[in-house]
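Numbered by my numbering, the letters in the sequence shown go through residues 9 to 512 in order.
These aren't lab readings, by the way, just hints derived from the structure by calculation. All C-beta atoms, glycine included, are put in the ideal place defined by N, C-alpha and C. One or more hints might be untrue.
[Stated by the list, open to error] Beta-carbon label-pair distances, calculated as ranges:
{"id": "1", "residue 1": "L470", "residue 2": "P376", "range": "43 to 51 Å"}
{"id": "2", "residue 1": "P382", "residue 2": "R259", "range": "28 to 36 Å"}
{"id": "3", "residue 1": "F177", "residue 2": "T58", "range": "44 to 52 Å"}
{"id": "4", "residue 1": "Q262", "residue 2": "Q116", "range": "41 to 49 Å"}
{"id": "5", "residue 1": "S194", "residue 2": "D158", "range": "37 to 45 Å"}
{"id": "6", "residue 1": "Q113", "residue 2": "G263", "range": "52 to 60 Å"}
[As the list claims (entries may be wrong)] With a Cα cut of at most 20 Å, we get these calculated DMTMM-like pairs of lysine to aspartate or glutamate:
{"id": "7", "residue 1": "K59", "residue 2": "E79"}
{"id": "8", "residue 1": "K34", "residue 2": "E62"}
{"id": "9", "residue 1": "K34", "residue 2": "E87"}
{"id": "10", "residue 1": "K245", "residue 2": "E145"}
{"id": "11", "residue 1": "K197", "residue 2": "D185"}
{"id": "12", "residue 1": "K83", "residue 2": "D117"}
{"id": "13", "residue 1": "K183", "residue 2": "D195"}
{"id": "14", "residue 1": "K83", "residue 2": "D29"}
{"id": "15", "residue 1": "K109", "residue 2": "D415"}
{"id": "16", "residue 1": "K59", "residue 2": "D29"}
{"id": "17", "residue 1": "K10", "residue 2": "E31"}
{"id": "18", "residue 1": "K34", "residue 2": "D66"}
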Amino acid sequence: MKLEDIIHHNIVIKLSTLRTDTELVKQIQTQLSEFNFYPGGSWLDGAYGTKTDEALNDFCKQFPVNYRTSEQFDKLFAEALLNRQSKTIQPPITPPNIPPKNSQQIYQDFLKESSKGNADKPALFYEGIHRSPYKGEIQNYPSYLMRKPDGQNVVSASRIDPTFSPYPFVGQLPKIDSQGLNFLHSDIKEACACVGTFSESGFQVKWLGRNALNNDEFWSGSKIIPLLYLVSEANRKYSRVDIDRCNIRGRDSQGNYKHIPFFNLAQDVISYEQTNASSNALGAMFKRFAPQITLENWLKRMTGNQQLIFRGRYGEAPFMDSPELYDRTNSLLVLSPDSHAPQWESNTISAYDLTRMISMLGWHYYLPQASRLPGAQWHSLECLVRAFGYDSARLMDRGIQQLNLRDKLQSVVILSKLGNGITSIRNRAEAVYVALVHCIDHSRSPNRLVTFSLAMRGAIQLSPRNANQEAIQLDARMATEVTEILKRAMEGRLGSDEYSADPK
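Take these sequences, add in the hints, and give me the full structure.
This is the structure in structure tokens:
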């Protein structure tokens, strides 16, 4: 007998009968193997043993009616096993052993650390890369981002359901679950998260948001955009150019001629180490490779958000007003600066825009061509992947530590960018965090691949006003909410219905 016979003839078969049917058992073993419940190869032998029984039991736990308990198997069971009706079955999620700390306890822990900072330099946001346990892994980030679940030893942590869909094509606005981040604290004003997973049909994502399409100031979080534009344009013109072999050359604001590797300047933008110049001056400089309206329109074409404005700088004049991108290996001028003086205005974008852009970088290898940054080649994007690993804000590091996950994770990738400030327009402290996380949880069998991206903006206004206290509290709050998102992602439940409606 075969599963197709059960469906066609609407048969109900008892477990005692099933055990003796070698042909049926082998087909069941094969299907269970495809769902990662059962090993393949020589284990597909048609013999109903302990491993087959355990795998069948795990599979049956996915259904409202537990067929294994009733020991009777019918048409619905056969259809599910053949993947005809249920295309969402994965191995049962066994959450990692995360300590039962609640968010308030975590917030108080972070607040002790944040109290060491001030409005100009929040302690957690400007912790720096030097003590990060992942600093030595940054050179491996590009290779880690090319790894996919093999369906046997590694599977996706997030369970596929009908709300997942293929990553949108360039310029397409995705459907965002506006209630999916309701669990975040009310100090988080705008947020967007995108959860990635793998299915038989390829890479799938789910978008979650809180005011995700509201356009506003996202401070230095938006500095990632000119860097992505530059790589995209450079490879659009010269596909073989490797940005790692390129320099930025030109005269700085003091009239001195500079010729500096692109990576070094990109790293300075992200790390705030000011080895060559300030992050703000470099952020403005990287906007000089195109007229402001050109860069703005490019961003609109990437994300589909037609209401954004992206014509501002970052409080300082450009480090070089007329920079050139030069391939030092091939003696090739790759990109020239805009010949006209910029008309600086404002940067008014959304949490969705930043989530989309950092995910297009980190997930480049998983995306179809129509969803990738136009022109951009992985051999150049690798340079940005490494640069984005040097963010001063180590909020994900802190979250991993709080959740006791350090020894449970391998192949960890954390790409991120901070932004913060005290605004006199809105009279409050604000902070921005943009990130993409990719890692493998090896504490479970099979191992689980976790991957997600996010952007959030938080704000606190005290009465009476106290800028230092606002910044300190917001520093701790941002770290707490990042930890909560990480926790849910590790458990494979970020965006699931049971976890989306518990606002704090």
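Can you give the numbers of the hints that this structure goes against, from lowest to highest? Violated hints (numbers, rising): 10, 12, 13; every other hint is consistent with the structure.
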